[in-house]
Amino acid sequence: MNSWVRENLWRHALAISICLFSLFPLYLVVLSSLSTGGSLHLTSFVPTEISFNNFKYLFSSPKIPYLHWVQNSLVISTTVAISSVVIGAASAFAFSRLKFKGKKFGIQLLLLVQMFPAILALSAVYVIMERVYKFAPSIGLGSQTGLILVYLGGSMGVNIWLLKGFVDSIPAELDEAAKIDGASAVQTYWLIFIPLASPVLAVVCLLSFIGTFNEFILARLFLVEMNGRTVAVGLQQFIGGQYSQNWGPFAAGSILASIPIVIIFLSLQKYIVNGLTAGSVKG
Amino acid sequence: MSGFMRGNVALMGKIFILAMVTAILSLLTEHAFVQKEYAIGSFILFAIIALNFTYLTKFSIPLKFFVPGILFFIAFVIAPIIFTLSMSTYHYQTGNILGKDESTAQVLALGAEPDAAGTTFDINIGKTTSGEDAILVSDIVNNKYFISTQTSRTEVPIDALTLNADKVATGAQGFTLLSADALSKSDAYSKINYKYMGKYYIAIEGQNVGAVFQQSLSYNAADKTIRNVVTGAIYKDNGRGNWAKVGAPDEMLTPGWRAPIWFENYTKLITDPKVRTPLIKVFIWTVIFAGMSVLSTFALGLLLALALNRKLRGRRIYRSILILPYAMPSVMSILIWAGMFDTEFGAINNILHTHIAWFSDANYARGAVLLVNLWLGFPYFYLICSGSLQAIPTELQEAAAIDGANPRQIFRKITLPLLLQILSPLLIASFAFNFNNFNLIYLLTGGGPRETLDGQIAGATDILISYTYQIAFGNNTQDFGLASAISVLIFVLVASISMYGLKKSKVLETFG
Amino acid sequence: MNRKRLGLLGVIASAALAISATVVPAAHAASEILIWADETRGPHLTTLFADHPNVVPGSTIKVVTFSSYDALGAALDKVTGTTGPDIFVGGNDWVTKMAKSGKLAPVTLTATQKSKFAATNFFDLSYQGKLYGVPVDINNVAMVYNTKLVTTAPKTYGDMVDFYKANKVSKGLKAGLCITGGGMAWGGLSGLSALGADPYFMRAKGVPDVYKGFNGTTFGNNVKKYLLDANGKSNGFYPATDTGCADNFKAGLVPYATIGNWEWKTYEKLGFTMNFMPVPGVVAGTYGHMFGSVNGAFLTTYADKHGVAVAAKSLLTNYFASAAGQIAYEAIELRPPANLDAQASASVSDAQKNMANAATLAGIPQIGAFLGSNAGGASYWDSSGGYWTAVLVNGKDPVVEGKKLAAIWKKNVAVGKADL
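Chains as they are written, first to last, in this note's numbering: chain A, 1 to 283; chain B, 1 to 512; chain C, 1 to 420.
Careful: at least some of the hints might be erroneous.
[To be verified] Partial chain A-side listing against chain B, Cβ under 7 Å, derived:
1. LEU14
2. LYS101
3. PHE105
4. ILE170
5. LEU174
[As the list claims (entries may be wrong)] Coverage of chain C stretches by chain B, computed from C-beta distances (three or more under 8 Å per stretch; other residues unrestricted):
6. 55-63
7. 227-236
8. 350-363
9. 384-392
In short, the hints are calculated from the structure, not lab data. Where is the CB? At the ideal position from N, CA and C, for every residue including glycine.
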């Protein structure tokens, strides 16, 4: 008993206190989303009443086209996640498996360039897309397609780098065997590599989805019309420092928007953690 | 047989997709060239050629894998970086954002001065019998009516006019009104200076209003100066993007243009105390912020990983709760925290029974930023550390235990050094990430508080990237040139840190 | 390249051509006037032009709504010449910056049209002597007092402070006077000015006095006297931020509040009396100045590039500046119209008219050239809030900070006058 206390008590105590730290803001948001006034003010830790007014407001107020926002976020994030993995996987495969001139240079360039603070290249991206708008409004500034293209370009470096880490961890014996059997690189890619790597691709896809879902600087610049916003931009603009007035619906909105992400994350945590380390750590 | 079929289907599919892509891109190229966007048009053309060449020849197999990625990479990563680099060599800020030609054209357009009385006339827009653009002008004060073209002004006798109740002409013989449709289809008629008296002309200021102007500024192509014909003042290109008055260089015509000043934005970082002082302050805080963030998140993460690194009742639940902050979309959590720190309504003051204005005091604000970042970041290191702890071979620890070392010694002498060795690249990556953790600062404190009365531009929690954003997109003067120069500086710093980290982890050696 | 591949290329090229041909290029609608506005004005303008589609013969009007005033400002900052609006509707905060950068185009009003507006209205919309927009409606704030708490109108600033001190505990007051509309810098000018801090002064004929600054010591001592307790801490009468002001005022926990002229309807619906008045000064009969500025509809240089300059000018002068246009618009937007004929119209509500009166009593034009200048180290917008934070939150000396504020504003005016 004594040894159990010595060995385990501090562990539980630490874990519980940090769990409380983790949960505190989240609990608070849930609490205020369910309160009538939606006040940020903490009256008691136990809800005295439960009301769904804030959620109702979210789906009925013309001030927050919440469903549009969610839909936009889903469309944009899904498109970016899938396309960037499709394009990125091919490049990662080439970097990992094929031999060619300039490979080392290419990968170093990739690595270096993605360290450029993307936010500061913002005005440049803006100018480019503004010009694109001039001749092709549907893929230029202000369009979701345009934003998707920019995201795709921006995510290329990180994704290739991440995917390459994964690909490196897949044993090369199989595709070497295929090579001996006379398969071309393209065949090896489609018939052997893709089936093998599909779980990994799915994880990168999800990471990319979450990353895109979270982005708001570019999205804010690109998507100006109320119905065209993403959830992140919409809610950020909605709260806009008005913590007293808009807190309730904001709390409700951010909970709803977070739930799918949290579920995805928790259910795939093992793979995601591998993904986080693979990009930088080997072996 | 089936292989042949499959091969054919694949080929057909490839050709179809390639044709589609080529079609769309060709269309875009055409549009781009029509709109005179040559750089972008050429790039798309290059993309078409590259795609078709790669997929129709056997020139290079790796290229078939790379081309789409490379094209995106060039368009949206490399091009903006090059653009930013070039911006950093320009005098490019509020007041100097147009190209030189456009700016000069606008300066001259603004040189149109109304006459002293600010005379305006009711007009009708139309054409003369010969098809020349003309306006029918009603000077109802003087009871005069005339038709003006660019070169001539003809008075129209009353009996040749149709007048309305206000004595404004609505039509005249020899004058065809433009229909509403024609008015909106072309605007060539609006660019004409219609003849009035002497140096004065009439410009169209609305579908039925004309105003009397004289052109006070004129460009002299011979000596490349602008001359004010009324005052006689002469303006010269000052080499920094403005037409400045000869003899009084502070008197400049607006708007200016972006002009190359080469390395001035960079030298300013060192020589101009107004730029240098806040920059140094911000840099120091950035390093402290990033360092403390890494240390605190790593320490807490590691502690938790150690605590939970054994079979423990409820470990799975703990784990799920502990990574919640990491799983939440960070934009949402930061905004939630910002609300919690609110002075009047925030839960934090509420619980502590205090009335602290968290984001108005430099130290409180910094503390808050670090606390929130700890909340956001510790789960990452917790996950990483637990993974790595399991990866450390237990033999060493067991051997040490047999040698009589206590757990604390084992941790300090064996586990921690091993862990640090494994994790050092991640720690460095985390440092680099926090160095540029724009979202946190921007959404939580906006970089503040700032002692505005003491002329501070940089806030107490501003890190380099948020400070630069403020310079580039802030409220008053927006200095893109200077901001770009600082961006380049940040890039060099972060890239060096990361490269050092990667070298250390020997990742680069496995590139071959 | 062998023949087979050449053939393939041919197939692709012809397929590409065929597809291109079927896609009709999206031609820019040359006759469309594009208007940008923020989240309150945008929907109103959309309604307005849905009801009145043909105000400019031959042109259609499209309104794009931004999520917030700040988002609109950020977008206007970034437009560089191809995607901008032809017209934008909003406050005059951006005139100086945009005109300087060549994003605005001048507008000409006829003498008759000009006579329909107060001469000071044009300050707000001008830069270096050129007019860049037309006045649409009055943009101001006014103080209201909660008649359930206070029965008579306060005559001096001291009256309000006394009431607050006397009832703070018994009525559980959260503050004495706070700002619900327009933020601490714009909406809160009267709070500063009532105690003696003005960013600039106007001469009798509506001409700004570019040499006179306010007395930092007097102002600082007033702050000390009315807003601080014996220990130099805020006595809670005037909060340093506007957070929660609206809620507290609605809940009857604040007796006096400065509300914006776009939000009075909300309070009226809650049963408040719209007893608009300027914030009283320290001496009876004087009032704190407020920005009685105008919102404008501004013409951009893109209108010319889009080929709609004439149509856009017509829309501005014949509709936005006209009595008929403003009456139709203000029936939805509910601010006091700027056009004097429209202001006198019977269809404009009493509350709108009272707001306009408050502006006449104590309004000063919002001169961007002075307010946006940061020659003194910080613009008016940044330094005014900075003062309250320094004194009321961080406990700095009100006189010392007051002198700093006076010095900054004086320098801003001295340099900013070049842009008038």
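Establish whether the coverage given for the stretch 55-63 of chain C by chain B is satisfied; the threshold is a Cβ-Cβ distance below 8 Å, and no fewer than three residues must meet it.
-> holds (count 4)
Three residues minimum, CB to CB under 8 Å: does the stretch 227-236 of chain C make the cut for coverage by chain B? Let me know.
-> Violated: only 0 residues of the stretch 227-236 of chain C have a Cβ under 8 Å from chain B.
Please verify that hint: LEU174(A), Cβ, nearest Cβ of chain B, below 7 Å or not.
-> Where the cut-off is 7 Å and the nearest Cβ of chain B is about 18 Å from LEU174(A), the hint is violated.
Restraint outcome when PHE105(A) is required to lie within 7 Å of chain B by C-beta distance = Violated: closest Cβ of chain B sits about 9 Å from PHE105(A), beyond 7 Å.
Please verify that hint: LEU14(A), Cβ, nearest Cβ of chain B, below 7 Å or not.
-> holds, 5 Å
Can the stretch 350-363 of chain C be counted as covered by chain B under the rule of three residues or more with Cβ-Cβ separation shorter than 8 Å?
-> Coverage by chain B is violated here, the residue count being 0 at a Cβ distance below 8 Å.
Cut-off 7 Å, beta-carbon criterion: hint that LYS101(A) touches chain B | Interface hint status for LYS101(A): violated (9 Å vs cutoff 7 Å).
When the least beta-carbon distance from ILE170(A) to chain B is tested against 7 Å, hint result | Cβ of ILE170(A) sits 15 Å from chain B, so the hint is violated.
With a cut-off of 8 Å between beta carbons, are at least three residues of the stretch 384-392 of chain C near chain B?
-> holds (count 5)
This entry does not satisfy hints 2, 3, 4, 5, 7 and 8, going by the numbered hints stated previously.
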